[in-house]
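These protein sequences, in sequence, are chains A and B. To convert, count from 1 in the first sequence and add 5; that's my numbering. To convert, count from 1 in the second sequence and add 517; that's my numbering.
Among the clues, some could well be false.
Claimed, not checked - Among chain A residues calculated to face chain B with C-beta under 8 Å, some are:
| # | residue |
| --- | --- |
| 1 | I34 |
| 2 | G131 |
| 3 | E169 |
| 4 | F172 |
| 5 | D190 |
Keep in mind that the hints were calculated from the coordinates and are not lab data. From the three backbone atoms N, C-alpha and C, an ideal C-beta is built for every residue, glycine too.
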Amino acid sequence: MENNKRRLTYAEAINEGLHQAMELSQDVIVLGQLVDYKPGIFGTTKGLADRFGKNRVFDFPVAENIMTSAAMGASLVGIRPVIVHQRLDFMMYSLDAIVNWLSLWHFKSNKESRLPVTIRAIVGKGWGQAAQHSKSLHAWFAHLPGLKVAIPSTAYDAKGLLLESIFGENPTVIIENRSLFSQADFVPQLPYRVRFGKAEVRRKGKDLTIVAISSMVPVSLRVAQMLAAESIDAEVIDIRTLSPLDEATICDSVSKTKRLVVADPAWQSFGAAGEIIARVSMKIGNQMKSNPIRICLPDSHTPMSYVLEEIYYGNEETMLKEIRMMFKE
Amino acid sequence: MSDINHKSIIKIGKYKDLSIKGIDNELVSGLYRFMLLLRMCQEELIKEYHPADEIRCPVHFCVGQEAMPAALSFLISKNDFLFSHHRSHGYFLAKGGSLKSLFAELYGRQTGANAGKAGSQEISIPSVKFYSGAIVAGMLAIAVGAGLGIQLKGKTEVAVAVFGDAAADEGAFWEAISYAKLRELPVLFICENNSYSTYSHQLKRQPADNIHARVAAFGLETRALFGNDVITNYLTLKEAFSHLHKGKGPFFIEAYTYRFRGHVGPEDDDYIGYRPKSELEFWKNNCPILLLEEQMVALGLLTAQRKKEIVNEIENEIVEAFKFAKNSPFPAEPNWEKLNWAQESPVADKLLHDGPQSEIFDQNQKDTIPQPY
Chain A
6 MENNKRRLTY AEAINEGLHQ AMELSQDVIV LGQLVDYKPG IFGTTKGLAD RFGKNRVFDF
66 PVAENIMTSA AMGASLVGIR PVIVHQRLDF MMYSLDAIVN WLSLWHFKSN KESRLPVTIR
126 AIVGKGWGQA AQHSKSLHAW FAHLPGLKVA IPSTAYDAKG LLLESIFGEN PTVIIENRSL
186 FSQADFVPQL PYRVRFGKAE VRRKGKDLTI VAISSMVPVS LRVAQMLAAE SIDAEVIDIR
246 TLSPLDEATI CDSVSKTKRL VVADPAWQSF GAAGEIIARV SMKIGNQMKS NPIRICLPDS
306 HTPMSYVLEE IYYGNEETML KEIRMMFKE
Chain B
518 MSDINHKSII KIGKYKDLSI KGIDNELVSG LYRFMLLLRM CQEELIKEYH PADEIRCPVH
578 FCVGQEAMPA ALSFLISKND FLFSHHRSHG YFLAKGGSLK SLFAELYGRQ TGANAGKAGS
638 QEISIPSVKF YSGAIVAGML AIAVGAGLGI QLKGKTEVAV AVFGDAAADE GAFWEAISYA
698 KLRELPVLFI CENNSYSTYS HQLKRQPADN IHARVAAFGL ETRALFGNDV ITNYLTLKEA
758 FSHLHKGKGP FFIEAYTYRF RGHVGPEDDD YIGYRPKSEL EFWKNNCPIL LLEEQMVALG
818 LLTAQRKKEI VNEIENEIVE AFKFAKNSPF PAEPNWEKLN WAQESPVADK LLHDGPQSEI
878 FDQNQKDTIP QPY
């Protein structure tokens with residue numbers, strides 16, 4: 006029997022998912038810089054090398070392009086590789102492998118060939134991570150046909166989406182926000198799956214729909230709590246996966262609440278928030294009581310100084326302010 | 518010819534070292550027929566390209582570079598992987614691809630190797646582990662991955678990567694070489710050095726035209742050879758396969774060769790003036806088919822009558838392939854989503870459970886602060 010009180014942190018849930026995946030199939034390998042050292046990439050790869058050996062869990066040269074290509078080639082032999090990037094920024098060296106090969110492989114083989122490669126990319130936040138340690142480029146990857154993109158906000162989803170990616174047949178990018186790593190949630194022990202393209206309504210409400218992504222999910226839930234005190238009943242939807250996107254759940258909610266806010270921890274322009282607003286507006290824009298808004302990062306690279314960080318990332322108050330304006334219109 | 522390059526080769530004038538002595542007659546005839554078929558089918562495609570304008574994709578013809586795919590076709594096995602550059606036709610045939618499915622792919626038809634999704638430069642046959650692509654170094658990096666997979670699974674196959682000299686311009690090339698050696702992966706690298714990246718000469722792009730020497734510095738077993746000598750190609754490849762099958766790590770071959778035609782498409786691009794006429798003449802004079810034919814005639818292995826018969830056979834095959842391609846239907850409008858993403862997850866269905874449902878998330882937890890690391 007599952008114990009409903011069983012709680013793990015986000016990092017522990019990923020770690021458990023990896024242990025179980027490697028247990029379930031000999032074909033699963035984990036590769037990335039420093040994955041086989043004691044700290045285990047913020048705890049997520051802890052104990053894997055000891056348990057499954059350095060043949061299945063191995064450190065990789067600082068060469069992200071060949072790392073991704075190697076994973077692709079190995080998957081053609083039946084391996085299910087999990088690549089770990091301690092920072093998404095380091096992954097940029099692998100863009101050719103991802104854009105020119107990985108994403109279009111299935112397509113150009115006319116559906117005959119598959120590359121089940123899972124890429125975990127960690128996004129830094131805070132303590133001066135600055136411009137080269139903090140980018141969340143989920144919208145870039147979601148722009149590409151052929152890739153699946155997951156962006157879990159809870160420990161439950163982090164494990165379920167990871168397992169679903171590893172044992173699925175499509176290449177997947179999982180974006181993990183570092184600010185969530187110590188946050189705990191109910192995590193069943195079973196190797197369970199969270200399916201792509203199914204958003205989760207994390208709070209029910211009738212006056213406003215907040216579509217939240219990754220680290221903006223807990224923020225949005227706190228904002229919803231504060232709005233309740235002002236008699237605004239917000240519904241909070243966690244998209245969980247960006248590609249595919251659960252448009253139906255979002256549109257159903259907005260048809261009910263008539264208002265839409267999208268909270269995305271990424272730059273505002275040409276991003277996921279814009280895409281979500283466009284999709285909803287094109288379907289039910291005429292039902293909305295006010296213009297949709299998006300809560301994003303400024304169109305600027307991330308500053309180092311913690312004083313500037315606070316301004317840059319914003320908080321519940323800045324989000325509240327914008328939402329209140331919406332109700333004054 | 519252990520340390521050769523384009524400059525030293527051209528000084529030879531006429532290559533005289535091709536020798537079929539001690540080589541099985543059937544093999545010699547097979548190599549000859551493969552090269553002739555490859556040459557003739559491309560010359561015919563070149564003729565057909567424009568009048569009808571039915572082939573509407575970039576096609577990189579390998580006229581002049583037939584010797585390496587021919588030699589490889591007699592050594593690579595079905596279970597070996599072959600990753601090719603965009604000048605792919607010879608390698609497509611070397612891995613057992615049919616002329617009909619090649620032509621139909623160029624004509625964009627449903628019966629093409631990839632049902633008209635890939636065209637000449639990205640054609641593949643996943644069932645026999647043949648893949649190609651147009652981004653110059655990406656493919657050899659993936660070949661290294663296949664080598665890794667083979668090693669991890671304890672299999673005995675080999676991953677073969679074929680690429681041009683321009684691949685060594687790319688960082689991915691050196692990452693691949695370094696990693697293949699680091700892990701002693703069963704990867705055979707074949708560089709067809711034809712001197713030019715489109716119009717740009719290798720020495721405009723690299724400090725020297727000795728890729729094999731630079732690769733040797735990484736500790737790989739390397740060979741450099743005159744790539745139009747199909748017998749030397751064959752014997753060197755044979756040595757390489759034996760090295761790889763013994764688990765002795767990656768092997769690198771640099772084959773100096775030349776394309777007779779333009780970089781892409783049916784037209785000559787020599788009006789641009791990027792390569793000297795004398796260079797082209799040297800290589801045509803040392804055409805891989807001609808070099809072998811001369812030896813076969815000298816040893817009485819080929820008569821004018823026999824050649825005529827072979828040419829007739831090949832002509833018929835080509836006519837049939839054109840007929841097949843032109844009479845095949847065009848692909849219907851696809852379901853784009855299904856075309857780009859696999860829809861089923863049989864492994865996940867077998868191994869993973871649905872639920873139990875998640876519970877309400879405790880939103881009042883603090884952000885993780887990374888600290889210095």
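- [ ] Report the numbers of all earlier hints that the structure fails to satisfy, in ascending order.
- [x] none
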